[in-house]
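Starting from the given sequences, assemble the full structure and let the hints guide the process.
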Amino acid sequence: MAVLFVAPSDSDVAVLVGQAAFQRGSAYQAQGRVLDVNWDATELSLEGTVRGSGRNVYECAAYFARSGSGIELDDADCTCPVGIACKHAAALLLEAAELAAGGALPGAAPAATRGRDGRAAVVPTWQRVLDRLPLAAAQTPAPRVTAPLGLQLRVDGVERRRFGRPAPGPRTVSVRPATQGRNGAWSAGQLTWDSLRYGHRGIPWEPQAHQWLLELAGMRGTRPYLYGASSWESLAAFPPRLLWPHLARAVELGVPLVGSTKTDTIRVATGARAALDVSTADDGLRIAPRLEFDGVPAAGTVRGTVGDGGLFALDDGAGERVLLLGPSTAPVGDLTADLLTGDPIEIPSADAEQYWADYHPRLARQIEMFSADGIVELPEPAVPTLVVRADFESPTRLRLTWGWEYDTPRGPVTRPVRATALDVDLRDLPAEESTLAEVDTALRALPVLAHLRPQDQHLLTGLEAMDAADVLLPALDGLDHVRVDAGDVPEYTELGATPTVRLGATETAETDWFDLAVSVDVDGRQVPLPNLLKALTARDDRLLLGDGSWLRLNHSSLDRLRELLDEAARLSDRPGTPRISRHQASLWGELEDLADVVDQSDRWRESVGGLLALARNESIGDAPARPQTLPAPSGLKAELRPYQQKGFEWLAFCYDHGLGGILADDMGLGKTLQTLALVAHARERGTSAPFLVVAPASVVGSWVAEAERFAPGLRVGVRARTRARAAAPLAEEVAEADLVVTSYAIFRLDVEEFGATEWAGLILDEAQFVKNHASRGNACARALRAPFKLAVTGTPMENNVTELWALLAVVAPGLYPSLQRFREDYAKPVEAASRPTADDDVRALARDRVARLRRRVRPLLLRRTKEQVAPELPDRQEQVLSVQLAPKHRRAYDARLQRERTRVLGLLDDFDSNRIAIFRSLTTLRRMALDATLVDEETYAGVPSSKLDVLFEQLVEVVAEGHRALVFSQFTSYLALVADRCRAQGIEFAYLDGSTRERADVVRGFREGTAPLFLISLKAGGFGLNLTEADYVYLLDPWWNPATEAQAVDRTHRIGQTRNVMVFRLVASGTIEEKVMELKDRKARMIGAILGDDEDLFSRALTATEIRALLEA
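Heads up: the sequence shown runs through residues 1 to 1113, numbered per our numbering.
Rather than coming from a laboratory, the hints here were simulated on the basis of the structure.
Even glycine gets a Cβ: it sits at the ideal position worked out from N, Cα and C.
It is possible that part of the hints are untrue.
[To be verified] Calculated pairs, DSS-like style, for lysine-lysine (alpha carbon to alpha carbon, straight line, at most 25 Å):
1) Lys866 to Lys1019
2) Lys1075 to Lys888
3) Lys646 to Lys866
4) Lys637 to Lys866
5) Lys828 to Lys866
[Stated by the list, open to error] If you anchor each label on the Cβ, the simulated ranges turn out as follows:
6) Leu749 to Pro528: 50 to 58 Å
7) Thr537 to Leu907: 53 to 61 Å
8) Gln985 to Asp936: 23 to 31 Å
9) Thr301 to Ser349: 21 to 29 Å
10) Arg997 to Ala638: 28 to 36 Å
11) Asp521 to Glu491: 30 to 38 Å
12) Asn531 to Ile916: 49 to 57 Å
13) Tyr63 to Ala185: 24 to 32 Å
This is the structure we're talking about:
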């Protein structure tokens, strides 16, 4: 039967959707947003379409239910995001009511509201319209109607019954949200924990209770399936620290806490206490659980726990049930839960002794126990004692054992320091933790051993054993609940006398090495040197000896002793063996200064005495092994200057004692003359074997000429050809010679033949030729057997510190036997200090290492500068001429710079593999800065050379004033351009480069001729020439090796020069040449720091970082 549509009242619609949605729906209906309305009399549903905001259109439906003889509004849904009971449903219902009132809705009864008899009463349209208006807005609003919400609690295992009895299983408290029905009963109905979050239809919930329940639900966090099929949730699932304050707040807010029946009363206590009451029984003891809430005993027989932080009791008395619950004042464990839910325990008198000994201590440590009637006297709980057992195995070795001891009726029981799961119920963990905290505080306050913490065992050795006896054990013994069990404690005695250092050097089978003996005595007791060094290295302030005596190490001499012995160990050719080489005179001298007693062999005293005098800046003549003066050889036809006489004496001393050296005087101070004086001295002393001089091929002739000039009595032989091309074997050529001169090339090729000959000594002139320790020439020089080896060079270092090691490895191999350790001790600190990021500590370490290196090499390296020994030399003035590139030259250079910079920066990531390509690009830029045609003559044919113009502006004036000049360049192709310009301007010149065959004739021609200019390649003319006839020097292209340039300048600024020397460096502005000048200055400071007095550290060999700097704009 079809049912007519009866329009619901406005209040019915408002109750369904809520007041806010009703107001918005009314506005929508008035705006004509309801597009269609249809009544389905069979399904009792009202359907329609409503236009929402924007262009959205939603389908709505309102559902009705039969009620008596009519229908009443039941629910509504919509396709909008809200989904149910929304403003669109309100608009649909209001529109249907208006249509029905006007007879425009098929199947609808006339507009009506419910009368008292339930029949429809007609309401005029004007009245319906006015009823929708908020005419009562200015009046006092009616109280808002809300639905009551609360939290319902039940005790599981009591509420669920089976066969009329409580169901078996654990007794816990569960909760759920509940609403109050019209009859006053509380139930969940359709309410769930989930629906709390999303709201509901109809009368709104009481807001405070709703919010409180939402917060309670949120305490469990989010889970995909939070509460299961049932709405009941165990209180144990909520975190105790959040749950109990929240329940207390419910009481404050008035949120209903209800039980499962109307007669239930819920009380939340601020604190709950669980205990066991021990009382007497007819035949023994009775142990019964007892609960108190806020200090009042609970009468309930149903007891339990709420998780691990709460307790509850249910008193199921007549007519009313009271559920008490509250947070526990002590942690709740499984034992507490079992005891609370179980029956009282009866213990017969016969078993009481066993209970008191074995069970009561364990129960008492896990749950509070008392005797309510006071008849049973409960024993005091055993307080754990931390026992520290100290077993001294020797004065330097102590074993500490830590453990707990409990006094029980059956005797003491021991337990380890840290509890395990197996014995935790036997122990009073809070008391243990309290004692451990006191011990920890006491240990941290100790001046020593503050790092110790109680554990099962400690093994203390050395000073720690002594400190434990003196400080640790007394401190622990003074603490409560700590007992120290110590056996025989050693007596420790301080040795207060000043240490006596004894130093000795004894001979070995090896000529250059001596065993180093060092001992330290205090109060007649000898201190083991390894132990002393270990303690000093560890920066210990005391040292304990094996017999219990000890000494303080706050003696500066002992720290210095450690440093020197550590250095000696690193310098030894046998790591770990204390040995010293006779080349290490400086090191010995510093050891000797520290020693109170010195024992040394005669051979050591003879070998080292003179060198030690040099190391201490004393004169050679003061050395005990030499006479006061040494006359120059009678065969020397030259008067030695004072510094040359000292140099000769130093050379003679080294030779007489078989010690090599490095003669590193500035260029032009007569190193060749001093060396010839040594050879003449050795000949007059009866030396029969010849000296071998190895020099650059261009200098071989100079040696012959200098020997004829200054030592005509010496027989000089020249080995100018290899064995394959020589007229006679080497042995025949040198049979009658006192001095044999050869080139580095022939020496390398015929090293085996040279090695088969007996030599009085090896002299390496221009020894920088063997500065590379990995080179063939260096290896040959080291391999040649000779009792004396001398390196002659004005530049013992050009790029890095390891070049100095390469020369020392030839002339004094015992000074620094290991290249690796030399690098670690000296090269790496110097390199680290050269980095821009180096801090003060890094630079200080480098300064210290450089100072040590200078002290060590001083006896074996003799270096004097012109400023020191030849102040009579005329002044040398140096000036940098900045050359501005012509516009066309500048454009060409900048374009090439960008090209090469991009190329080089891409290669620097693998610097070693791309080294050749990188330096080729750098060379290209250096050529471009000089003259673009040096790079590509055809491409840059029209680009002028500004540097040539500036050079000849200078040269024309110099020549006109009668001066003579040396012109140096790295590039022979550029020298050729200079030569072409000289010819064009009619200026006479001499020319020398590596391809010149008659080198000596060319040099002689300039010296004896009138040509005002001498064009020289830097590589060919940078050494071995004496050109004091010139007083002007022009360096056309700077080089990053300052020593190379200095050698070139010293061709003219040397002994014999009578005029001031002017040095001009031509540098192209804004080019790579300016960067080269900066790099050269840093390298000059490095060389000065090692060989001179300059301490402005440091630089390195050319690196990838420096190459990047060269290419900066």
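Now for the hints, and whether the structure bears them out:
A hinted pair counts as satisfied when its Cα atoms are at most 25 Å apart, and Lys866 with Lys1019 qualifies at roughly 23 Å. The straight-line distance between the Cα atoms of Lys1075 and Lys888 is roughly 22 Å, inside the 25 Å bound, and the hint therefore holds. Between Lys646 and Lys866, the direct Cα distance comes to roughly 15 Å. Compliance with the 25 Å bound is thereby established for this hinted pair. A hinted pair counts as satisfied when its Cα atoms are at most 25 Å apart, and Lys637 with Lys866 qualifies at roughly 23 Å.
The hinted pair formed by Lys828 and Lys866 fails the criterion: a straight-line CA distance of about 31 Å is larger than 25 Å. For Leu749 paired with Pro528, a C-beta distance near 55 Å keeps the hint of 50 to 58 Å intact. A beta carbon spacing of about 45 Å between Thr537 and Leu907 contradicts the range 53 to 61 Å that was offered as a hint. Range check, Gln985 to Asp936: Cβ separation about 26 Å, and the 23 to 31 Å hint holds.
In this structure the hint that Thr301 and Ser349 lie 21 to 29 Å apart at CB holds, the actual value being about 27 Å. The hinted window of 28 to 36 Å between Arg997 and Ala638 holds, with their beta carbons roughly 31 Å apart. Under the hint 30 to 38 Å, the C-beta atoms of Asp521 and Glu491, about 21 Å apart, miss the expected range. Between Asn531 and Ile916 the beta carbons are some 55 Å apart, a value that agrees with the proposed interval 49 to 57 Å.
A hinted range of 24 to 32 Å holds for the C-beta pair Tyr63 and Ala185, which are about 27 Å apart.
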